[in-house]
Each structure stands twice: as structure tokens, then as C-alpha cells.
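Whenever a hint applies, use it, and build me the whole structure from the sequences.
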Amino acid sequence: AQSVAQPEDQVNVAEGNPLTVKCTYSVSGNPYLFWYVQYPNRGLQFLLKYITGDNLVKGSYGFEAEFNKSQTSFHLKKPSALVSDSALYFCAVRDMPDSWGKLQFGAGTQVVVTP
Amino acid sequence: GAVVSQHPSWVICKSGTSVKIECRSLDFQATTMFWYRQFPKQSLMLMATSNEGSKATYEQGVEKDKFLINHASLTLSTLTVTSAHPEDSSFYICSASRRVQNTGELFFGEGSRLTVL
Chain A
3 AQSVAQPEDQ
13 VNVAEGNPLT
23 VKCTYSVSGN
33 PYLFWYVQYP
43 NRGLQFLLKY
53 ITGDNLVKGS
63 YGFEAEFNKS
73 QTSFHLKKPS
83 ALVSDSALYF
93 CAVRDMPDSW
103 GKLQFGAGTQ
113 VVVTP
Chain B
118 GAVVSQHPSW
128 VICKSGTSVK
138 IECRSLDFQA
148 TTMFWYRQFP
158 KQSLMLMATS
168 NEGSKATYEQ
178 GVEKDKFLIN
188 HASLTLSTLT
198 VTSAHPEDSS
208 FYICSASRRV
218 QNTGELFFGE
228 GSRLTVL
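Here the protein sequences line up with chains A and B, keeping their order.
The end of the first sequence is residue 117 by our numbering, with every number in the run present.
The end of the second sequence is residue 234 by our numbering, with every number in the run present.
Keep in mind that the hints are not guaranteed to be accurate.
[Unchecked claim] Partial pick of chain B residues on the chain A-facing surface, computed with a CB cut under 8 Å:
#	residue
1	Phe-156
2	Ser-160
3	Leu-161
4	Glu-169
5	Lys-172
6	Thr-199
7	Ile-210
8	Gly-221
9	Leu-223
10	Gly-226
11	Glu-227
12	Gly-228
[As the list claims (entries may be wrong)] Examples of chain A residues lying across from chain B (beta carbon under 10 Å, computed):
#	residue
13	Lys-24
14	Arg-96
15	Lys-104
In case anyone wonders, no lab produced these hints; they're calculated from the structure.
If you're wondering where the values come from, they're calculated on a predicted model, not measured in any experiment.
In this text, a Cβ means the ideal position worked out from N, Cα and C, and glycines have one as well.
Right under this line is the structure:
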């Protein structure tokens, strides 16, 4: 079984400050980890993924995430947040490299960036 | 590339009518398409998985006769909400995985907001 937890319902940060959105996972095999962002009344946009290789993954819009196997975490980070980063962020995991792509999503974290 | 189009974006219907939502992969062939339902400020709930040319696989608790899914081609899947009722009002999102050059991530449509009066 696979699961993912996003412990924070909401993260508030001032524009220009670092942004971190937390995610921990549980899988039986090797994890395939993803971050998506959702703006109001829109679908999900892919930000970045970890499949294998370097633990630090860089993605779209200046976001990055660090895969930490010992802590089973995949926190999303951005060095300097923008007001336009305000959105709902989802962490997702799957544990099989199959073609089905069935993902388990976290509950989501609302990010609010204030000017 | 990897654009998924969903139509309609918004739909309002009367109780008892049926509504069809289309999900198209515009620039790639999709091995598998997924249909999700999302309630306000909540996560995505997977409803069903569909593969081209075969019956959809529904998640536990999802009524297959209520939510009809057809995946007639590698670029089109449809979700029909039959005899819709107000409790079916929700945001429905589809996603697709690539048949060729599958890099792991899913590509999502923009979602369809269904309101049943």
C-alpha cells in the first residue's frame, strides 16, 4: 500500500521569503514522487518529480524538492516566494514503475503568499 | 507538449438529466486515462481508471452505472453522469499518461465544474 501525508493544511509566507511545503510518504517499494500545483477552478499542473538519481530535484517556476529516503520525505521548496505562488499544492506517490500511473495524492496544502 | 483538454469547463443541468464530459489528449496518445472528483478545498478522489478499448476499472464506492466511462480511442475518454442529482455537483478532473515516452507524470485537464439544480 502507498500513502502520502501533507501535515500542513495551510502555509503562510511573506513574499520574498523561503517557502517550504512538507510531504512524507509510505510505500512498499521504491517511491516515485511528484508535486503538482492547482489554481482555483483549474486542473493540476506538474511541478517536478523524483524517479531516481539526484536527491535534489529542480522543477518548474523555481521550485525544487529534496528526496530524503531515511526520513521518507519529499519537501517542496522555493527560495523566494511570489504572490503568484499562492495556490493549492499536492504531493503524490506511486510505488510501481508501471504504465498505469495510478497516483496516491496527499490532502493538499494551501499556500498563501502575502505581499 | 502533453496537453489534455477537458470539455465543458462549466455545466449546469437539471436534476434527472445526464451530462457528458470529454477528456482529450491533444498531442499524444494516452495509454490510460483517470477520472477524479474533487470537493471544495479537498484532495482528488480517484473514481475510475480507463484503458482504450476496455472496460473502466472503478474504485470502491463509485457507482459504475451512475458514472459511465467510455474510452473509445487513445485520445478520448468520456465521463457521463447519468440521472444527475444535486449531490453529484462537484469538480471533475481527468488525467492521462503517455503511451510513448512515458516519463511517469500524469497530465491533467483543466477540470469540469458540474452543478446540478
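Going through the earlier hints one by one, which of them does the structure break, listed in rising order? 1, 4, 5, 6, 13
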